[in-house]
Each structure stands twice: as structure tokens, then as C-alpha cells.
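*Asks:* Chain A is fixed; fit chain B onto it per the hints.
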Amino acid sequence: MIIKKGVIEVFDHRIAFSLAGDLELDSGPCCIWLSGENGVGKTSFIEGCLIAALQKDRIPFIYFGQDFQTQYYTMQAVLAVEGNRIDPSDFEKTVGMWIERGRDARILILDEFDKYWDGMKRLYALTRQFVKTYVVVTHDGVAGENGPGEPFKDRIWSFGKTGGRGGSSVVEVRELTV
Amino acid sequence: MSFSGIRRTLADFGANYLVLDVGCLYVATTLREEIWLYREKEDPWLLDAICKEAGEFNIRDVLPDRDLFTFSGGEQAILAALLILSLIESFQLTDINLLLCGVLESLSGKNRRLLVEKLKASARRGRIRPHVIRENRVHCI
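So the protein sequences, as listed, match chains A and B. Each residue of the first sequence is one higher than the one before, starting from 1 at the first, in my numbering. Each residue of the second sequence is one higher than the one before, starting from 1 at the first, in my numbering.
The shape of chain A in the complex, shown without the other chains (with noise of 0.2 Å):
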């Protein structure tokens, strides 16, 4: 899946990303890092471009968003309908039922995850056999050993903030050599 180079508006115009190259996404096992200051978008990107372009071409996925508390609350509700039993103080086991019910994912976005679980290679080990691309947010140290390992490449999409253009705000998106 390719989102394709140029100008993509989201949110009723009010942020416009500026995407200096193809961003490909699902070529090949990769971890791609996006990179960027606090409110440069990178949340916005994910919402706004990333997951459009995956449900329109219909990739399944799996989203643990910035806001994870609250979505923490809706999938023990989610596991609980479905019949599983939930131990709410068993974090780990809660998020490891979630990805269980979704193992035909081929991409994992974690948006600022490694706030909540310091445990990410054990997520890594518990996706690897099936995520094929990791989408992660972080500000704790990007790429090598922070990332899931071989075969998996990484690779860092860049966020820059270039100005404002009748109304809404200009972000630079490109991929960084690693």
C-alpha cells in the first residue's frame, strides 16, 4: 500500500501533510518510527491519512491510540460481550486477549504505547509471527534495540511543521535514511 507523494488535507483542512516521497507501508517486514516534536502531528497523520488509507484499501489492522486508558476500558467491555473472562488488573493478559482476537492484522500502529506497558518486547514477541509492518510512535529512543529486531527493518518518517497555508497548518512528512 502506498500513500502517494503530495498534499493530503484531513480534518476540515485544518492540517495539510506535505509528503516529499511515496510512503509505502506492507513492502516487507519493517518497524517505521515516525519522528517529530510534541503537536507536529503525528497522531493527526495516524487518524487522519494512515488509517483512511488502510481501511480504504482494506488492510487489517490493529490501533492502541494515544488515549489508551480510555480505550483500554472499551476493549475489556468489547472481550467481556464477547464471553471472555476479564481480569481488569491484568493488563498484559486483557491486551494480549485483544490481539489474540486480532491475528489477521498485518500492521500494529502504537501510538505512545511504551507510556503504558514497559513491556514492548514481549508485545513484539507476542506479534511478530503475524504483524508484518509496526507503525510506533514513541519518545523514548527510536529504531535499534527499542524496535522488534530481525527481519524487521527500521525505518523513520519525519514530521515537520513548514507553516500555514489559508487556514490550516503545513506538515512536512519524509522518509529519513537509517
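Worth flagging that the hints you see were computed from the coordinates, not collected in a lab. One or more of the hints may lead you astray.
Unchecked claim - To spell it out: a stretch of chain B is covered by chain A in this simulated footprint if at least three of its residues, at any positions, have a beta carbon under 8 Å from a beta carbon of chain A; those stretches are: (1) 55-63; (2) 67-75; (3) 103-117.
Stated by the list, open to error - Have a look at the derived ranges for each label pair, beta carbon to beta carbon: (4) B/63 <-> A/103: 42 to 48 Å; (5) A/96 <-> B/45: 48 to 54 Å; (6) B/26 <-> A/6: 34 to 40 Å; (7) B/40 <-> A/6: 50 to 56 Å; (8) A/20 <-> B/91: 47 to 53 Å; (9) A/164 <-> B/136: 42 to 48 Å; (10) A/100 <-> B/136: 21 to 27 Å; (11) A/128 <-> B/91: 47 to 53 Å; (12) B/136 <-> A/74: 22 to 28 Å; (13) B/141 <-> A/20: 53 to 59 Å.
Unchecked claim - Anything over 12 Å on all C-beta distances counts as not near chain B; from chain A, calculated: (14) 5; (15) 8; (16) 9; (17) 24; (18) 58; (19) 102; (20) 103; (21) 125; (22) 143; (23) 153; (24) 156; (25) 177.
We put the beta carbon where it would ideally sit given N, CA and C, even for glycine.
*Replies:* Same frame as chain A, but now just chain B:
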């Protein structure tokens, strides 16, 4: 540290701390309303001070009546921290045990360093004793 670990740690220690938890930073939806809840009156000086300090973190368009949830997660965390520090100064409180939960982890490297400087400066003035949760334990900054 896991989400449930944080909950347990806060249950064990939270009563002794002023907790700034990234999962529930605000009661109101605007800075003006949030300040009103604490001060029980309008405080344009405090609003102005927070807006100016936010500029140091490159947070733009910090307006008294802007919906706080239109800021990014990291920006919300920064504004909440600046608000708490300003309120503590404004009330001239001292020796407040401040516990930051998930706040520093939400910040870029540059913003994290800047906020830690401000926390330490407030600590040097005797206003706060800043702490974070790490590995389900409370640690001084």
C-alpha cells in the same frame, strides 16, 4: 510499568501526592474554566503567564477559551504541568509532593528537558518535591 501497575501504585501512594496523571489532566474544557475551578474567580494574569510559558515549548495559539482537547497529547501534558506550577506559585504553597504520571513520557526530548528544568527550579524555590512513577515505584526527579 503497565497501566494496571500505575493504577496500583497510585492507589498505594496517591493520597500523599498531588498527582498529575496524563490520563486525566483536566476537569474543565478550557484553560479559563480550569483556572476558575481552582481560583474561584477569573485570573487573567495567570492565563497570560501560562500562555507565555507555553511559547517556550513552541505551543502555539494558547487561548483562554480554546478547547484543551484540540491540543496534541504532549501539549496537553505540558499545559497541565505549567498550570499546576503556576497555581502553586500563585497560592504560595510550599513542599508540595508532586507526582507526574506519564507526563514526561509524553514529551519530546527537548520539551522533557525544559519541563524538568522548570520542575527543578520550582523545587529549588521550595514549592514542590517532584516525583515520577518508574517500575511501579515512586522516584524523586
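*Asks:* Taking the earlier hints as the rules, which of them does this structure contradict?
*Replies:* As far as the earlier hints go, only 13 is violated by this structure.
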